[in-house]
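Trainee: The listed protein sequences correspond, in order, to chains R and P. Residue numbering for the first sequence follows our numbering, starting at 1 and increasing by one per position. Residue numbering for the second sequence follows our numbering, starting at 109 and increasing by one per position.
These are calculated hints, taken from the structure and not from any lab test. Owing to the predicted nature of the structure, the values given are computational and were not obtained by experimental measurement. For every residue, glycine included, the Cβ atom is placed at its ideal position computed from N, Cα and C. Be aware that a few hints might be false.
[Said to hold, decoys possible] To be clear about the criterion: a stretch of chain R counts as covered by chain P if any three or more of its residues have a C-beta under 8 Å from a C-beta of chain P, and this derived list gives those stretches:
id, region
1, 1 to 12
2, 25 to 35
3, 41 to 54
4, 63 to 69
5, 82 to 94
[Claimed, not checked] One side only, chain R facing chain P, incomplete, derived with CB under 10 Å:
id, residue
6, Gly17
7, Asp38
8, Ala58
9, Leu59
10, Phe78
11, Leu79
Chain residues, written in single-letter form:
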Amino acid sequence: MLTGIEFLHLATTISLGILTLALLLTIYRIIVGPSLPDRILALDMLVAVVLGYIVVIALRTGFMLYLDIAIALGLVGFLSTVAFARFVLQRWEINHAAGEDHLEEARK
Amino acid sequence: MIGEILYYLAGILIVVGALFSLTAAFGIVRLPDLYTRMHSASKAGAVGSGLAFLAIALASFDGAVILRALMGIVFFLLTAPISAHLLARAAYIAGYRPAAGFRVDDLEKVEQIPK
Numbered sequence: 001m002l003t004g005i006e007f008l009h010l011a012t013t014i015s016l017g018i019l020t021l022a023l024l025l026t027i028y029r030i031i032v033g034p035s036l037p038d039r040i041l042a043l044d045m046l047v048a049v050v051l052g053y054i055v056v057i058a059l060r061t062g063f064m065l066y067l068d069i070a071i072a073l074g075l076v077g078f079l080s081t082v083a084f085a086r087f088v089l090q091r092w093e094i095n096h097a098a099g100e101d102h103l104e105e106a107r108k
Numbered sequence: 109m110i111g112e113i114l115y116y117l118a119g120i121l122i123v124v125g126a127l128f129s130l131t132a133a134f135g136i137v138r139l140p141d142l143y144t145r146m147h148s149a150s151k152a153g154a155v156g157s158g159l160a161f162l163a164i165a166l167a168s169f170d171g172a173v174i175l176r177a178l179m180g181i182v183f184f185l186l187t188a189p190i191s192a193h194l195l196a197r198a199a200y201i202a203g204y205r206p207a208a209g210f211r212v213d214d215l216e217k218v219e220q221i222p223k
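Take these sequences, add in the hints, and give me the full structure.
Mentor: Below you can see the structure in the form of structure tokens.
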């Protein structure tokens with residue numbers, strides 16, 4: 001029978017493996033795309049997965065300062081997604097005003 | 109004794125949270141278009157991070173850490189839907205349409221959105 005600390009250590013090892021798989025799948029979506037909002041969404045998901053990583057490392061090492069880093073990373077991820085959404089909108093407005101069609105990537 | 113139980117609980121929660129993150133990532137890869145992928149990422153992804161924060165709150169035995177972890181959960185549950193909604197709205201206005209086979213598209217009838 002494992003003690004509590006040993007069980008926690010085993011659990012963090014397992015979750016690090018699972019999170020690595022999730023990270024690889026998310027990176028696959030970032031590379032493949034196919035459109036800009038898909039990549040933005042995958043970057044948002046990447047931030048969530050890395051947040052999970054940081055929390056697992058905090059539990060593993062018992063160094064709770066990592067928690068503040070995780071919260072700060074969450075804030076930065078949220079703000080970057082908002083900024084990217086504005087960018088998608090403004091790119092469309094500029095191209096629309098110029099009479100250009102930039103959506104050949106989205107129409108398959 | 110109660111400390112041991114909390115360690116076990118935290119271990120289970122962290123693995124379940126990682127599994128939720130894996131589900132979200134799997135949904136991002138497998139689902140057909142941006143809007144269904146968004147649904148996977150913002151729901152399962154937020155639950156995954158929330159469970160990880162909950163695990164750290166259980167295993168820390170420190171009031172300040174528990175408070176910060178709960179704040180992280182609230183913050184993440186607040187921001188995940190907002191960012192997903194903003195991105196979906198921007199993408200729809202910019203002309204990215206759902207995949208063929210979508211039955212319901214309420215934004216089609218909105219006047220301000222150009223076709």
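Trainee: Would you mind marking each hint as holding or not holding in the structure?
Mentor: Status of the hints after comparison with the structure:
{"no.": "1", "hint": "1 to 12", "result": "holds (count 8)"}
{"no.": "2", "hint": "25 to 35", "result": "holds (count 5)"}
{"no.": "3", "hint": "41 to 54", "result": "holds (count 8)"}
{"no.": "4", "hint": "63 to 69", "result": "holds (count 3)"}
{"no.": "5", "hint": "82 to 94", "result": "holds (count 8)"}
{"no.": "6", "hint": "Gly17", "result": "holds (8 Å)"}
{"no.": "7", "hint": "Asp38", "result": "holds (6 Å)"}
{"no.": "8", "hint": "Ala58", "result": "holds (6 Å)"}
{"no.": "9", "hint": "Leu59", "result": "holds (6 Å)"}
{"no.": "10", "hint": "Phe78", "result": "holds (4 Å)"}
{"no.": "11", "hint": "Leu79", "result": "holds (9 Å)"}
No hint from the list above goes unmet by this structure.
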